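K.L.:
Now for the letters of each chain:
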Amino acid sequence: MSTAAPTAAPARPRAARRVRWSAHRIVLAAIGALILLVVLVPGLFTGDGWNSVNVADKFLGPSLDHPFGTDEAGRDILQRMIHGARLSIGSALAVAFAAAAIGTVYGAISGWAGGWVDRILMRIVDVFLAFPYLVLAMALAAAIGRDMRSAVIALIIVWWPSYARMVRGRVLSLKRDLHVRAARTLGASSAQLLRWHVVPHTFSEINARLTVDIGYALVALTGLSFLGLAAQGSSPEWGLMVSTAKGFVLSAWWYALFPGVVILLTVLYFVRVGDELAGEES
Amino acid sequence: MTPLLELRDVHKTFTGRGRTVRASRGVSLAVQPGEVVGLVGESGSGKSTVANLALGLLAPDSGEVLVHGERLIGASRRREKELRARVQAVFQEPLLALDGRRTIGWSIAEPLRIHGRGTKAEQQARVAELLTAVGLDPSFAERRPSQMSGGQLQRVNIARAIALDPELLVCDEPVSALDVSVQAQIINLFLEVQERLGVGMLFISHDLAVVRHLADRIVVMYAGRVVEEGPTDELCANPHHPYTRALLAASLEPTAAEAGAGVQTATTDASTVEGVPEEGCPFVPRCPLAEPACAQPGIGLAPTARGRVSACRRAELLVGAEATTSNSD
Amino acid sequence: MSDVLSVRNLSVRYPGAARPAVEGVSFTVPARGSVALVGESGSGKSTTALAVTRLLDRGVEVTADEVRFEGTDLLALGARELRDVRRGGLGMVFQDPRASWNPARTIERQLLDGLRGAQRAERRERLIAHMRRIGLDDPERRMRDYPHHYSGGMLQRALLAGVLVHEPRLLIADEPTSALDTTVQAELLALIGQLRAEQGLSMLLISHDLGVVARMADHVLVLYAGRIAEQGPTAAVLADPQHPYTRDLLAAIPRLHGPRKVPLQVGKVAEARATGCPYAGRCRFAVDRCRAETPLPRPVGGTEVACHLAPLPDAKAA
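Sequences listed follow chains F, V and A, in order.
In case it helps, my numbering puts the first sequence at residues 1 to 282.
In case it helps, my numbering puts the second sequence at residues 1 to 329.
In case it helps, my numbering puts the third sequence at residues 1 to 318.
A couple of the hints might just be wrong.
[Unchecked claim] Label-pair ranges, simulated between beta-carbon atoms: (1) F:S190 to A:H148: 27 to 37 Å; (2) F:G32 to V:S139: 29 to 39 Å; (3) A:R87 to F:A29: 49 to 59 Å.
[Claimed, not checked] Some chain A residues well away from chain V (every beta-carbon gap over 12 Å; in silico): (4) L56; (5) R255; (6) Q265; (7) R273.
[To be verified] Facing chain V, a subset of chain A residues (Cβ under 8 Å, in silico): (8) A31; (9) L82; (10) G211; (11) A217; (12) A235; (13) D248; (14) L256; (15) L264; (16) V287.
The set of hints was computed from the structure by calculation and includes no laboratory data.
Because the structure is a prediction, the values reported are computed rather than measured.
Glycine included, every Cβ here is placed at the ideal spot set by N, Cα and C.
Hey, can you work out the whole structure from these sequences and the hints?
P.N.:
Pasting the structure below:
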């Protein structure tokens, strides 16, 4: 038996699993690293006095000292935003990951079990999906409590069903795939099949949607704060800042503008990354 | 002697989208230890259903599927696992049978992992041993399926299938997706594996010539039923069922004598016939020997000679006649 | 000219490819004759047929000294003239029966597409007659069915009927039975043989199956890596193959007669070479000259062989 070099019958090649780095992607990755730093160690970028009230400096326009200007309490808006990133983006991350985790487990169990279990579990999902999600989020956020933590919980509750549906569909089709059936003949248990061969094949789809959802969750969270249903008081949460700023739009235009633009850009960033990941998948 | 695998009067019907397909209609067959049984049939014969039933991927509607005399489905989880270790599979599509996200080495080691055979280092050594046994360099363990050709991947599948030293290999059209020269290599590999390990095989294919090359005994299926069974040489030289005869005649061999001779068939055109009759012999619409009595219910397998059975009630017309090599009737 | 199709020195190169997909292929299909292109995947047999019928994408480079159908230079034709040729003298049947049909339109509509008025009515009558000929009972009713009501074999037959209505002189069949069951294949091939005899039709058959080729073709071209390895009358090529690839191919096919349970003869495992003879990597006779210099076809014995070492010393195959 000869040791073989590639034979004459080529297999159809699938996309390589290595990421292809373009200038575009390097930039995206760099921004991502920056965001991560800001969220984890905001103190790296600001001094200690970022939240100190200094009435004398109130409503200063954008300048070298205060690139985004100051607010009604004389606090530097840029520095507040840097610390607020942890709240806003961090909470958005929490919503997206938690919803994805819960939805994946739920959907995988439902799809794998099939039969009446699947039907019942999906009915429940249908009920959730029947509600317009923001209305439901607002109602829940108001009911659970008017703070960031309740807002996050409310959004997770609203968000997980769409993951469940997506994963369940994928699992249903994976169940029939040859490599899953082949692994079953090897003696693998259902748990092993799910863990090794089924769920991992849902990851790329989940990742693409999850990244985009970070952006959408950010919009939802800042929106809830804007409506007074999430962050309260002197929290540097971005949506709350925009809410406060709306009373001073004419006099201190920078106060509403900069937080709003940053929210927009951040959301766009996550959507862009999500698209890139989805592109890799196809 | 308990057969490695036995199907007893197995029935299986699939319903979906308003259509009912009776894939298995009273199928019985057995594979003895060390024996290679070839299962031959075209599409709609039910041979793939037999493979899935034998592997416990499907439960029969009625009848028994026994591995070493025990039922696979319905056995305790632990017993099922033990039985599965003794019956392994090689499928038709080499690439799809492997998890594309895993390396070759991971996939070959998977049965060892599942059944807890050896430490990680021992498993790796075994993987290298298996790769060499199927004619691949051990360095292939680091590759991914998408980097390899169909023939190489089928070797990998065979390596994975023999990892646990099984007693029975169920091979469902394992060479049908391969080019001629690659197909020959894999056939040779199956021969070698069978000889060295003494493993029993249920080798399923639509290609009679391939099956003939490997099998000791051949089972012929048509429309969900077994229509003939017998030792390979005898069955191929002297078929006892009109369908087997048609299959032999339709297996065109490249010999100079037949060059440019065209093809003649004794059967009625399959594609002009709609459906298979519910009662009586399923081959009636296409059979050159059919008479009215053939459409009556109650037709089944009957012995026609020593070690041979046929489901044709007019088999005596065929017993003793030569199989036509040039295919005029 | 008694040759229906004449191809000389055809080469095809895909954009960005290191090597041509087809190189230096020459053959003729005589009137009422049948020629087969045989090879495994990657041999270039389908590409040759697609190149001759101008069905390759625009970016693909097709060059030849000559590609003539009944005297007309196919490579010089414009789109409209090509379409007329494809509808008229040149009929084509492809491999996958399901892919050749639009699932959303009836068989009748698809076969009579583009025809109007008296021409359509006349063609329709002929089509009904042909459908009956191919074994379709009650063709008028069944023509109004959709493709999914037909089996694979039936679809190929219907396609044949549709092609024959146009009274072609040459039928190009690219793996027409590869997707079909063995017995269905035999029946379809028998039908093709009968129809050819009735209509005096020439055929260019593309197949990987030497058994099919043996029965259906008078003349065969064995292709390897885009080049002709051997060509000649089918009987000669099968009785006494001169090219190592032809021999290896024939030896690798499992047979219904003769020894069994013994290893089949297989060549070495290697990729096709870019320089010299493409088979040199796998050939057990290869010498240095084979690796350096590409052999050109030359007559040896009863066939034309592209091999430096032919005639070979070994005993002949099957």
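K.L.:
Next, verify each hint and record whether it holds.
P.N.:
Right, here's what the structure says about each hint:
1. F:S190 to A:H148: 27 to 37 Å: holds (36 Å)
2. F:G32 to V:S139: 29 to 39 Å: Holds: the Cβ-Cβ distance is about 36 Å, inside 29 to 39 Å.
3. A:R87 to F:A29: 49 to 59 Å: Given about 56 Å between the Cβ atoms, the range holds.
4. L56: Given a closest Cβ separation of 23 Å, the condition holds.
5. R255: violated (6 Å)
6. Q265: violated (8 Å)
7. R273: holds (16 Å)
8. A31: Since chain V brings no Cβ nearer than about 16 Å to A31 (chain A), farther than 8 Å, the hint is violated.
9. L82: violated (31 Å)
10. G211: Constraint on G211 (chain A) satisfied, holds at 3 Å.
11. A217: The hint holds - A217 (chain A) has a Cβ within 8 Å of chain V, the shortest such distance being about 7 Å.
12. A235: With a closest approach of 4 Å, the A235 (chain A) hint holds.
13. D248: holds (7 Å)
14. L256: Hint holds; L256 (chain A) Cβ to chain V Cβ min 5 Å, cut 8 Å.
15. L264: holds (4 Å)
16. V287: violated (22 Å)
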